[in-house]
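Trainee: Residues per chain, in single letters:
There are 2 protein chains.
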Amino acid sequence: MAKKNIKAQPFAFPTPVYIVGTYSEDKVPNAMNVAWGGVTSSSPPTLSISLRAVRQTYKNILKTKSFTVNLANETLIKESDYFGLISGAKEDKFAKTNLTPIQSDFVNAPYIEEFPISIECEVVDIVEIGSHFQVIGKIVNIIVDEELLDEAGEISIEKANLLLFEPISNNYFSTGEIAGKAFNIGKEFLIK
Amino acid sequence: MAKKNIKAQPFAFPTPVYIVGTYSEDKVPNAMNVAWGGVTSSSPPTLSISLRAVRQTYKNILKTKSFTVNLANETLIKESDYFGLISGAKEDKFAKTNLTPIQSDFVNAPYIEEFPISIECEVVDIVEIGSHFQVIGKIVNIIVDEELLDEAGEISIEKANLLLFEPISNNYFSTGEIAGKAFNIGKEFLIK
Numbered sequence: 001m002a003k004k005n006i007k008a009q010p011f012a013f014p015t016p017v018y019i020v021g022t023y024s025e026d027k028v029p030n031a032m033n034v035a036w037g038g039v040t041s042s043s044p045p046t047l048s049i050s051l052r053a054v055r056q057t058y059k060n061i062l063k064t065k066s067f068t069v070n071l072a073n074e075t076l077i078k079e080s081d082y083f084g085l086i087s088g089a090k091e092d093k094f095a096k097t098n099l100t101p102i103q104s105d106f107v108n109a110p111y112i113e114e115f116p117i118s119i120e121c122e123v124v125d126i127v128e129i130g131s132h133f134q135v136i137g138k139i140v141n142i143i144v145d146e147e148l149l150d151e152a153g154e155i156s157i158e159k160a161n162l163l164l165f166e167p168i169s170n171n172y173f174s175t176g177e178i179a180g181k182a183f184n185i186g187k188e189f190l191i192k
Numbered sequence: 001m002a003k004k005n006i007k008a009q010p011f012a013f014p015t016p017v018y019i020v021g022t023y024s025e026d027k028v029p030n031a032m033n034v035a036w037g038g039v040t041s042s043s044p045p046t047l048s049i050s051l052r053a054v055r056q057t058y059k060n061i062l063k064t065k066s067f068t069v070n071l072a073n074e075t076l077i078k079e080s081d082y083f084g085l086i087s088g089a090k091e092d093k094f095a096k097t098n099l100t101p102i103q104s105d106f107v108n109a110p111y112i113e114e115f116p117i118s119i120e121c122e123v124v125d126i127v128e129i130g131s132h133f134q135v136i137g138k139i140v141n142i143i144v145d146e147e148l149l150d151e152a153g154e155i156s157i158e159k160a161n162l163l164l165f166e167p168i169s170n171n172y173f174s175t176g177e178i179a180g181k182a183f184n185i186g187k188e189f190l191i192k
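Sequences listed follow chains A and B, in order.
In terms of this note's numbering, the first sequence opens at residue 1 and continues consecutively.
In terms of this note's numbering, the second sequence opens at residue 1 and continues consecutively.
List of simulated lysine to aspartate or glutamate pairs, EDC-like, C-alpha gap at most 16 Å: (1) B:LYS7 x A:ASP105; (2) A:LYS7 x B:ASP145; (3) B:LYS138 x A:GLU128; (4) B:LYS3 x A:GLU114; (5) A:LYS4 x B:ASP145; (6) B:LYS3 x A:ASP150; (7) A:LYS4 x B:GLU146; (8) A:LYS3 x B:ASP145.
In case anyone wonders, no lab produced these hints; they're calculated from the structure.
In isolation and in its complexed conformation, chain A is listed as follows (with noise of 0.2 Å):
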């Protein structure tokens, strides 16, 4: 196969498309488009998301040591895309999107009804890297939609339409279909 090299560039996919709440110290609700974060520990349970210090998102974050990800989904990607275009200390973002934000029960942050999975998260520790500052929240509540749970109380992801993000080219993915089962497909070369 031939290969060529392209230019070194904030790359990987998937990235998410992860909807980050948060309040200002008054309370006032944002909701900010990262996509530079994911899991980071499986216990304590963390996920991690960058962002630059002049976000309005993370100057709340300081105060309050809380933020949700709401998991964005094909039916709001128009809000979920303008949740990336502009500040939350210009316009009011959920007046703008007709969005509702709701108090979380565990922390600080408010999450937004409207969309399938939310997780809330309290801030356990901040690392700087380079251009941003990485929040590292301890998983502390998942919020899900009980139409998309399945009998035996599990996420069935492949009814959330949820979205991917591809940082070259700019495109939105939509998910796919299940490809195969993780930790049994690749058993066959075990007993080679």
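Given the structure of chain A, go ahead and fit chain B onto it with the hints provided.
Mentor: Chain B in isolation, oriented as in the chain A frame:
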């Protein structure tokens, strides 16, 4: 919409399927399937992975300060899953899968020839987060199968058939279709 709280656990979506390539001190190549990771800053561009200290990959990284992230596609789903089923200390995973480790041009780690996209990373920091060590790598090169590049020399992700991982059901998912243009599709809310 009725909501339900589910157990706090390590979860987000999408999470990636990163096949991490490293060398041991004696230049023995290894590959591991890592789900906890993502881009962590834009400038310099960094990509981070979280590993338990017991992993051969982590021991290798402490010696070489280098790793590659090879993005798993549907064709290589069985091999990619196998890379997460057993330690490189116990089996020669390249011999078992018949895949080909190639010395990277810029870092002291192998990329895997059969994978469509490989990202070369040079370790710039390691941060302890609970059960895991987050290894922060500066992206110094991206290697792409030529057939995935468009006329402008950019990656066409829709041709790459990359996998995603869902850590509650432990399913791999395929990438879906392009759903919209980021920093664009939400503009209508700006002029409301």
